[in-house]
Amino acid sequence: MTPEPSPTDEQLSAYLDGELDDLEADRIEQRAAIDPDLRHRIDRLAAVDQRLRAAFPVTPEEPALARIAARLNQPSNVMPFTARRKEQRTAAANRFVPVMMAASLALLIGFGGGFLSRGLQTTTVAPSIAIGPVAQDTVLATLLETSPTGKPVTTGATAEANSLVIAATFKDRTGRPCREFEAVRGPVPTGTVTAVGVACRDEGRWVVRGLVALAGDGSAPSSITPSSNETKDALDALLTALGATRAMTPAEEAQTIERAWR
Amino acid sequence: MPQDVRNDIVALLPRLFRFAHALTGSKQEAEDVVQTACERALTRLDQFTPGTRLDSWMFRIVRTVAIDRGRRERRSVAVDPVILGEQIVEDARIAEGTAARQDLDSVRRALDELPEQQRSVLLMVALEGLSYQEVADTLGIPIGTVMSRLSRARRKLAEAVEAGPLAGQKDSDR
Chain A
1 MTPEPSPTDE QLSAYLDGEL DDLEADRIEQ RAAIDPDLRH RIDRLAAVDQ RLRAAFPVTP
61 EEPALARIAA RLNQPSNVMP FTARRKEQRT AAANRFVPVM MAASLALLIG FGGGFLSRGL
121 QTTTVAPSIA IGPVAQDTVL ATLLETSPTG KPVTTGATAE ANSLVIAATF KDRTGRPCRE
181 FEAVRGPVPT GTVTAVGVAC RDEGRWVVRG LVALAGDGSA PSSITPSSNE TKDALDALLT
241 ALGATRAMTP AEEAQTIERA WR
Chain B
263 MPQDVRNDIV ALLPRLFRFA HALTGSKQEA EDVVQTACER ALTRLDQFTP GTRLDSWMFR
323 IVRTVAIDRG RRERRSVAVD PVILGEQIVE DARIAEGTAA RQDLDSVRRA LDELPEQQRS
383 VLLMVALEGL SYQEVADTLG IPIGTVMSRL SRARRKLAEA VEAGPLAGQK DSDR
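These protein sequences, in sequence, are chains A and B. Heads up: the first sequence is residues 1 to 262, going by the working numbering. Heads up: the second sequence is residues 263 to 436, going by the working numbering.
Note that these hints are calculated values from the structure, not bench results. Beta carbons are placed, not taken as given, at the ideal position from N, Cα and C, and that holds for glycine. One or more hints might be untrue.
[Said to hold, decoys possible] Negatives, chain A to chain B, calculated, CB over 12 Å:
id	residue
1	19
2	34
3	38
4	41
5	67
6	147
7	161
8	173
9	175
[Said to hold, decoys possible] Coverage of chain A stretches by chain B, computed from C-beta distances (three or more under 8 Å per stretch; other residues unrestricted):
id	region
10	43-52
11	197-209
12	246-258
[What the hints assert, rightly or not] EDC-like, lysine to aspartate or glutamate: derived pairs with alpha carbons at most 16 Å apart:
id	chain 1	residue 1	chain 2	residue 2
13	B	418	A	49
14	A	171	A	43
15	B	418	A	252
16	B	289	A	61
17	A	171	A	202
18	A	171	A	252
19	B	418	A	9
20	A	151	A	43
21	B	418	B	367
22	B	418	B	390
23	B	418	A	253
24	B	289	B	365
25	B	418	B	365
26	A	171	A	145
27	A	171	A	203
Modelling step: build the complete structure from the supplied sequences, incorporating the hints.
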């Protein structure tokens, strides 16, 4: 009786990938049970896949992903991002950094049409703050329309106060006024920043263009904990996508508010 | 509907990036490749058949872009010391210990030495979990070809890892 030839590497690969039919797979398993060489060959090939996956893990916190996602929502990508980025790094962009370095965050960025980093579909962060148009007569609308930078609006009783404060005012590349704002749990400056966003004034109303929510405000999916670097990159990408120019001086800002943003 | 596909593509970014990173050997290049691939996909959404796998379609575009770019600029693998440094830090995080890290280095280097056709098939199956039929459809090749490329790729990688961290470097062509 001639012994059956040992399975080829191709067959073993197909076995590992679940591509053999039950009969063939059974044959290999039965043989491997009594054939240490065959077992060794199978283990050896399986180890390749394990190492490959270890060498290239999926990394949702990879900063490049936020940058790509941000650029995808740009209607045109005429100028390479890196060039724009250097050019347009602004006072506003730099302001973000110290605020955001401290904590781990959930990312919720959207630009009008609603791309969301990593496919997150949630756009609501703190009460009444969401990507999209800001409803008239809300605290946020009033803040955006009338408050100077650094002057917080606080609502609720002291124990569970929520505050909103403008961090900077600037113009985007089309000359639209935009404002970076922070949502704070508690009073400013001792409270905890729960979200940072950017809203721009478009045809007489304010539209939130992007939000970065800090984990722990109850709305962020707890499984996602981007690094502070990613957050910084995401904010950077957001401001770059908007084409943020330098932050307005207090005098310029006061004048703009007085003219009701016209 | 196009907006849905756009969101779906964004949701795929982590996998597309990993695939491109493994394919090109560089994160910087992967970022450019994925960016270009997504832009290309968005202008050709009409060519995507609803109900078929979006990830396979995207992997094909990523691969095409990577090959196109590779023709123009020769593959340069981890020549940038900063990138290399980042990679090492990352490896250190993934796997504590020098032996494990050298292991991962060997895998990357060996992968890089594979012919592109074998590398693509290996990554689609072993990393991304596509079936042989899906890979055959995506690349427009017979299943038998998928099997032989895959098998050769696995064997070479196994040999490289066993030979140790120095294997796979150019001077090992004996």
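Now for the hints, and whether the structure bears them out:
1. 19: violated, 5 Å
2. 34: Given a closest Cβ separation of 23 Å, the condition holds.
3. 38: holds, 15 Å
4. 41: violated, 9 Å
5. 67: violated, 7 Å
6. 147: Correct as stated: the minimum Cβ-Cβ distance to chain B is 33 Å, above 12 Å.
7. 161: Check passes; 36 Å lies beyond 12 Å.
8. 173: holds, 19 Å
9. 175: The claim holds: residue 175/A sits with its nearest Cβ about 26 Å from chain B, beyond 12 Å.
10. 43-52: Our answer is that it holds, as 7 residues pass the Cβ test (under 8 Å) against chain B, meeting three.
11. 197-209: violated (count 0)
12. 246-258: Violated - the region 246-258 of chain A has 0 residues with a Cβ nearer than 8 Å to chain B, which falls short of three.
13. 418/B to 49/A: holds, 12 Å
14. 171/A to 43/A: Distance ~60 Å between residue 171/A and residue 43/A Cα, so the pair is violated.
15. 418/B to 252/A: Violated, at roughly 65 Å.
16. 289/B to 61/A: The given pair, whose Cα atoms are some 13 Å apart, holds under the 16 Å limit.
17. 171/A to 202/A: Between residue 171/A and residue 202/A the Cα gap is close to 12 Å, so the pair holds against 16 Å.
18. 171/A to 252/A: Holds. Residue 171/A to residue 252/A sits at ~11 Å (cutoff 16 Å).
19. 418/B to 9/A: Holds, at roughly 12 Å.
20. 151/A to 43/A: violated, 65 Å
21. 418/B to 367/B: Distance ~15 Å between residue 418/B and residue 367/B Cα, so the pair holds.
22. 418/B to 390/B: violated, 19 Å
23. 418/B to 253/A: It is violated: about 64 Å lies between the C-alpha atoms, which goes past 16 Å.
24. 289/B to 365/B: Violated: residue 289/B and residue 365/B sit about 19 Å apart, past 16 Å.
25. 418/B to 365/B: holds, 14 Å
26. 171/A to 145/A: Between residue 171/A and residue 145/A the Cα gap is close to 15 Å, so the pair holds against 16 Å.
27. 171/A to 203/A: holds, 14 Å
Violated hints, in rising order: 1, 4, 5, 11, 12, 14, 15, 20, 22, 23 and 24; the structure is consistent with all others.
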